[in-house]
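Engineer: What follows is the residue order along each chain.
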Amino acid sequence: MLRLIVTLIYGITAAGPLFLIASGLTLIYGVMRVLNFAHAALFMLGAYVSVQLSGGPTVSLGRFVLAAAGAGLAVGLVGLVVERLVFRPLYSRNPEATLLASFGLSLLIAGAVERFWGTEPLTQPLPSALSSSVSISTASISVYALVELGVAVVVAAALMYMLRRTRFGANAVAVAEDREMAAVMGIRARRVGAIVFVLGSALAGLAGAIVAPTVSVDTGLAPSTLIPVFAVVVMGGLGTVGGAALASLAIALVQGITTNYLPAISPYAFILLLALFLIVRPQGLLGRLQLSREA
Amino acid sequence: MSSIPADGTPPWRGRVLPLWRELAAGPSWRTTLVQVGVVAVLAAVVAFGVPGAVSPELLAVLTVAACYALLAAGTNISVGWLGSVTFGQAAFFGCGAYAVGLVRHGHWPAQNSILLAIAVSAVAGFVAYWLLARYTHITFAMLTLVFGQLVFLVVSSSTSLGASDGLGGLFREPVFGISTVTDPQFWGFAFAVLVIGLAVYWWFYRRILALRMFAVREDAGRMETLGYDVRTLRATAGALGAALSAMGGALYAMYAGATNPTLLAFTLSGAAIFMCFIGGSRYLWGPLIGAVLYTLTVNFWLQSNRAATLITGGIFVVVMLVIPNGLLSLPSRLPIHAIARRLRQPR
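Line by line, the protein sequences are chains A and C. Letter by letter, the first sequence follows residues 143 to 437 in this note's numbering. Letter by letter, the second sequence follows residues 337 to 683 in this note's numbering.
Partial selection, computed: residues in chain C whose CB lies under 10 Å from chain A: (1) Leu467; (2) Tyr471; (3) Phe483; (4) Thr603; (5) Thr648; (6) Pro660.
Everything labelled a hint here was simulated from the structure, so no lab data went into it. Glycine is no exception: its CB is placed at the ideal position from the N, C-alpha and C atoms.
Please put together the full structure from these sequences, using the hints given.
Structural biologist: Okay, structure coming up:
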């Protein structure tokens, strides 16, 4: 019983980073109907930038926070450039065109990272203020895992607030609903799109910076992140922030439980979960059945 | 116009022919025979001429290109014909390779191993596309990626399939008693398989069946309304694509003498899509051109280039932006065509 509780606690904390990475992807899809294949590459870029900015084998808490903000900013800028140069000319074409272009882009970004930082794995130090851990009976949970979870909760709340309570959010929802009609009603659809793209990319960069201390920062980061994140986004229902949050919780819990009880299937347990889930509910947890052709 | 029968079947339902009659419907046999004859002569020239004319390194790369061309042709049946972008085609390529790897101790003749690989993958492709039939566009692409990766993870963690090392110790078995041990000999065999595979691809391209697949690409809902069984069409396309890709995979495993899980990785699926779009996925021979160009580029220009991924990604982005219909669409974009079009138009 204790083991189960400990497993569940670990699972819940593991949901934090998963949601952080998925949030930007699902935001961009929700508003722009662009599935950004390069999102995982942007996430990896964020991790590298934060390592670069924190510099050296130890880092103070202040510098770590600044490095994370810098990574978010830098990757957001990359998102701005990419939206202008690659995605904007493709909006009028079929959804596969943007998907394939973003696949090319993911190679481009991963290649650039490999070119500038090499293939040697880097490590991101954890600020000493965050490297302690708390014990709950036999389980010891690092403070940093709780920080990750906290950031994820804040990001989820902020995104939901933005989409539901602000003017910009209303505009974004209108653009998502019907791009042309929104433009006719006087919403600057292009600008909304660009901002959403920058925001989504910045979230990828921020996620990269936050996850960096817990992983080995190398070129394998993007491919290994891509699949679970896609699973989260599909399972939550493409384009829904709340769905992504629930799905990352579900997937993290399944991964935690199988690692402890069924280690043989743990590497692909979440895929099996996704498969079973899609039979019951193909549109995802909170997704709507779409009649449009993009779905 | 006949009235709707009492059982409720719409009258146009009867227009859907049984599968064997669908396959028979196509251009006349006489033209086909002439074309086949011409191709056979050309093929013989290439098969016997190339090993003497090119360096051993280039011959090795061309053999790999033959495997990739089959992979790309199979991918294009899903991507170009059916309009369903798949990021999981490498699973079928790997399926072919592992089928060959698993019968290695039996010392089966090469043709039997390839037939086994094709049969296994065709069934797998049919089932996969049948199950994924209700997902289209982006969801389909993501699911093929996720399930392709599932296959990759299962294979690379299964000790009976050699885990991350794969299955080694494959011999180049003779085909119909003819040895395929040396590289020039194997080239002849690989080229023959390539020609057979592409002939099947070409033959299907000219069937009414392929036309129906194009129609599914354009508007699946309307095809459904017209009474066509879209699900079976999708599954048939999946089986056909998987079979072609598996031929490539089987050939690759025989050539390399080993299999490994990277043959199933999604990076290879991505490369296959890249080949289709470089050449032009809407053109019959686009995937072939793309596969040859891709293999030559990666093995000569980009070999030991630190920026290889960067350049490949850059090329792909530029192709998607500038020539989305591939290199084969370039001739039709020459200025002379624009002038001709304008001249034809009434004022």
